[in-house]
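Sequential numbering from 1 applies to the sequence shown in full-length UniProt numbering.
There could be a bad hint or two in this list.
Restraint-style ranges between C-beta atoms, simulated for each label pair [stated by the list, open to error]:
1. S161 - V42: 12 to 22 Å
2. P156 - R94: 14 to 24 Å
3. R104 - A148: 12 to 22 Å
4. P156 - L116: 20 to 30 Å
5. G151 - E52: 42 to 52 Å
6. D13 - E64: 16 to 26 Å
Quick list of in silico lysine-lysine cross-link-like pairs, DSSO-like style, CA-CA up to 27 Å [to be verified]:
7. K147 - K137
8. K23 - K140
9. K23 - K147
10. K137 - K23
Just so you know, these hints were derived from the structure itself, not from any lab. Think of the CB as a built atom: it goes at the ideal place given N, C-alpha and C, for glycine as much as any other residue.
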Amino acid sequence: MDTLRIGLVSISDRASSGVYQDKGIPALEEWLASALTTPFEVQRRLIPDEQEIIEQTLCELVDEMSCHLVLTTGGTGPARRDVTPDATLAIADREMPGFGEQMRQISLRFVPTAILSRQVGVIRKQALILNLPGQPKSIKETLEGVKADDGSVSVPGIFASVPYCIQLLAGPYVETAPG
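Please model the complete structure; the sequences and the hints are all you need to start from.
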């Protein structure tokens, strides 16, 4: 069986220069470890908000490291230095607009400023690339969705569609933990 390969990219000028510790990649790793029962390998990258570097990193993870899934965190807002979506779209073969729409739909349940997010989902070759929020709490909410008081899902998280998308792209079968 083909091992699921996941690229995790945290995009932050300050974290990449050592001003503060990155929290995005650890949050993603923790969430994936609890959500996936399929064995997986992770490639980690901590890079600054530079479009060319982001583009090169995404291409490396897909083209050279053969990642099936690449999750980015950070750099998706309207600020001048927030260029993650621009870089992602620049290297994409196809856009998957439903992912960005659903991420904003979920985040708007928690914060009204989520409308400022420019997160995108794209396909490059055999890989799905998703731009996630920068905050660990928002990452978890976006991946899991919104739950009602009784624990039922009221707004599905984006990860519910990820295993099937990977399979459609000829990637490995991905099993998730119940719940």
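Verification of the supplied hints:
Checked against the hint of 12 to 22 Å, the C-beta distance between S161 and V42 comes to roughly 20 Å, which is consistent with it. A hinted range of 14 to 24 Å for the beta carbons of P156 and R94 is consistent with their spacing of about 22 Å. The hint said 12 to 22 Å for the Cβ distance between R104 and A148, and at roughly 20 Å that hint holds. Checking the proposed 20 to 30 Å range against P156 and L116 shows it holds: the Cβ atoms sit about 22 Å from each other.
Evaluation of the 42 to 52 Å hint for G151 and E52 yields a pass: the beta carbon distance comes to about 44 Å. Our hint of 16 to 26 Å for D13 and E64 holds, since their Cβ atoms are close to 25 Å apart. For the hint pairing K147 with K137, the CA-to-CA distance comes to about 14 Å; that is within 27 Å, so the pair holds. The suggested pairing of K23 with K140 holds, with an alpha-carbon distance near 12 Å, which does not exceed 27 Å.
A threshold of 27 Å between alpha carbons decides the hint, and for K23 with K147 the separation of about 24 Å falls inside it, so the pair holds. Proximity of K137 to K23 is assessed by CA-CA distance (about 10 Å); at most 27 Å being required, the pair is judged to hold.
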